[in-house]
Amino acid sequence: MMSDRNDNFAPLGNCRSIRLAEIPELPFDRFADAIVSRTAAGQRVCAFFASAGKASGSTRLQVVIANDDEDSLAVGCCSVSGPAFESITPACPQVHLFEREIAEQYGLKPVGHPWLKPLRYQRSWTDRDAWDRDRGAAILPGVGDFFRVEGDEVHEVAVGPVHAGVIEPGHFRFQCHGEKVFHLEIALGYQHRGIEEALAGGPDRRSIHYAETVAGDTTAGHATTYCQVVEALSGYRTTVHSHIVRGIALELERMANHVGDLGALSGDVGYLPTASFCGRIRGDFLNMTALLCGNRFGRGLMVPGGIGFELDAPRAGELLARVETAEREVAQAVNLLWDDQSVMARFEDTGPLPLETARELGVVGVAARASGLERDVRYNHPTGIYRYVQIPVSTYDTGDVFARAYIRWLEIQQSVTFIKERLRSLTPPSPAPGIGPLPPDSLAVSLNEGWRGEICHVAMTGPGGSFSRYKIVDPSFHNWYALAVAMRDQEISDFPLCNKSFNLSYCGHDL
Amino acid sequence: MIETAIHILLLALFPPLLLGVINKTKAVFAGRVGPPVLQSYLDIAKLLRKGMVLSSTTTWIFVAGPLVTLSAIAGAGLLIPIGAFPAILAFKGDFLLFAYLFALARFFTTSAALDTGSSFEGMGAAREVTFSVLSEPALFFAFLVLARISSSLSLDSMLRVPALGLAVGTTAPLVLIALGFFVVLLAETCRIPVDDPATHLELTMIHEVMVLDHCGPLFGVILYSAALKLFLLGAFFLHLVAPYSTGNPLIDWPLFAAEMLALCVVIGVVESITARLRMRRVPYLLVSAILLCGSAFILLVR
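Line order of the protein sequences matches chains A and B. First residue of the first sequence? That's 138 in this note's numbering, and the numbers climb one at a time after it. First residue of the second sequence? That's 24 in this note's numbering, and the numbers climb one at a time after it.
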């Protein structure tokens with residue numbers, strides 16, 4: 138749209154950096170209008186966050202918008218001087234959690250936000266508090282207002298934060314009418330560790346390890362994204378070999394988790410054969426990652442500037458053989474699901490997320506593709522090896538549990554093909570120059586398609602070239618609300634199945 | 024006398040083995056080694072040695088629940104003939120007592136669940152009661168068929184009907200009630216496709232969620248009662264599908280045990296090759312059981 142071109146957002150490629158001075162600072166009205174008109178035109182918000190402004194007491198709002206149709210990103214910023222700003226959520230629902238985050242982190246109140254409550258139950262980074270809470274009072278996760286449906290026949294079911302299985306903590310409040318769910322509200326924050334705060338002032342030796350542990354099951358995804366944002370800032374180009382190994386690690390991570398999810402979905406409906414086989418095969422994929430770097434989750438594999446462990450020919454051959462074995466076994470285990478009527482009866486029409494809702498909420502990853510959105514960073518905004526090798530985007534149109542399961546199966550097959558091709562024509566390692574210092578007063582954005590969906594890291598450097606603000610957006614941050622919406626009018630007994638089909642990260646959300 | 028002793032010994036010692044066989048079958052289908060066949064005995068023994076935590080919101084009903092349930096089901100165990108051997112107690116109309124001892128057990132299990140005040144347990148109790156309302160008519164149609172054919176109102180002679188040989192007019196009704204009763208068996212013993220005894224997901228449970236707050240010896244009692252219920256309904260079912268006997272007790276007792284274990288393998292296979300039904304669809308399955316048993320009765324009296 139023409140208006141996009143004139144809204145003074147600065148264009149930016151994925152894994153490219155820009156001087157902060159080159160991003161025009163807009164008045165708030167024009168900033169908000171640009172976000173609303175761009176999202177209305179089908180673009181989406183990758184990140185929307187605050188950082189300390191230039192003048193004391195002022196706050197800088199920064200937005201990263203992705204235009205998936207034109208494969209481009211845009212960054213915009215504005216400065217807010219007071220303790221409040223006009224909420225954009227009523228016109229653009231996908232920023233609702235971002236605004237709650239801004240309110241919590243910077244004590245900046247989005248006036249007119251429809252459901253303004255704390256996000257992670259953490260203390261404000263400034264001396265303001267959006268809820269005017271006493272500074273000394275403890276802030277307990279999950280304590281506060283919840284949406285309630287009143288009526289004699291309505292009952293409330295509270296699940297968590299302690300669950301019967303060994304999973305992460307989260308609190309779920311259902312408003313039910315018999316078995317039917319009217320509304321689900323999800324309260325998270327139990328896993329908040331303060332990663333963004335800890336990364337500010339970096340990069341230092343610890344930074345990469347923070348990135349690796351943003352979400353333990355997405356180690357390769359977050360670590361790669363972190364490395365790419367640092368490399369983008371310093372204008373560094375890593376070797377082709379590093380790109381390939383990173384790509385292999387990302388796809389192994391995707392396969393391990395997708396296989397594990399298909400097994401868990403099968404287990405949730407009580408269908409044993411696939412559940413057991415997939416549980417074991419997931420371990421095989423994790424062991425392949427261990428073959429790359431000695432760690433089953435890929436810790437230590439990514440380092441800014443390249444990779445920690447080069448892949449030599451004998452290990453590449455071994456990996457290829459293991460992938461080929463796993464490929465056969467996965468096909469046997471997973472195809473049982475699609476052939477079994479009783480499983481399909483459970484998967485189909487359960488927890489549907491309509492295309493339009495998915496678009497409005499800015500859903501990413503498997504969930505978005507299952508609802509028919511062609512959203513895949515590897516395709517829309519390719520970086521690293523994906524710039525040279527395209528992986529076809531797998532989409533489906535029903536948006537139900539079946540679609541989310543089936544997309545996983547399609548992606549496993551694409552990943553197998555990708556890895557086999559890379560291993561058969563592996564570019565040998567070449568010497569890489571060391572990475573230099575970061576430039577001052579710059580910003581870089583790095584997007585990657587983790588197995589759950591789009592991982593977004595935004596780094597801003599201060600005058601000394603160290604991080605003044607580091608923003609992480611895990612795909613779960615976009616998708617948790619979609620799970621709540623998908624549960625409306627569903628049976629409460631289908632919640633575990635629906636939840637598993639999204640399989641979102643608690644710690645990735647809580648940071 | 025010796026038959027009565029064996030009957031009681033079987034009731035006391037045999038049921039946990041059934042759970043072990045089902046779990047072993049499921050493990051084999053899943054390509055796993057699985058827990059030992061005798062694991063349920065070890066579990067119950069372990070639970071009986073443990074201490075108990077009682078929620079402060081509960082009353083005596085919470086403790087009475089498992090105990091009354093056990094007594095009721097054990098009482099029902101005296102009314103049913105096992106294999107070729109007569110029931111310990113038999114009188115006119117005892118099938119009503121048999122059915123309502125199960126209902127009494129259910130009443131106390133659900134009351135103990137409601138006693139905790141937990142929304143999960145309330146949901147489980149609601150589901151249990153809803154589904155049992157649908158399985159009871161199927162059971163009673165089966166009773167009617169058996170009573171009509173045997174012209175008797177005592178379980179002991181009603182369940183002898185299939186063993187007496189199949190007549191032209193009674194074969195079809197007996198096959199139909201066997202099918203319908205198998206559904207009732209799966210529903211009442213909380214097996215897939217109605218319930219999943221292995222799940223850890225509270226929101227999907229029926230029976231398991233009602234006993235979430237029980238622990239230690241009380242939970243041991245619950246596990247044993249569940250196994251005993253499976254044993255009794257299994258013994259009932261075997262009369263319908265495998266009414267064989269040789270007249271020699273030395274062969275007939277092992278024969279019964281072998282049939283029972285084979286039935287467990289069948290249940291394990293059903294659990295392995297099907298997924299659970301969606302909660303909303305469970306009533307359809309139970310209504311189909313009513314229709315099977317009801318049509319059997321209509322065929323018989325037309």
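No wet-lab data here; the hints were simulated from the structure. Fair warning: there could be bad hints in the mix.
[Unchecked claim] Now the stretches of chain B that chain A is said to cover, found in silico as 3 or more residues with beta-carbon under 8 Å: (1) 45-56; (2) 79-90; (3) 134-142; (4) 299-307.
Even glycine gets a Cβ: it sits at the ideal position worked out from N, Cα and C.
Results for each hint:
1. 45-56: It holds, with 5 qualifying residues against the three required.
2. 79-90: With 0 residues in contact (Cβ-Cβ under 8 Å with chain A), the coverage given for the segment 79-90 of chain B is violated.
3. 134-142: violated (count 1)
4. 299-307: Coverage by chain A holds here, the residue count being 6 at a Cβ distance below 8 Å.
Taken one by one, the earlier hints fail for this structure at numbers 2, 3, listed in ascending order.
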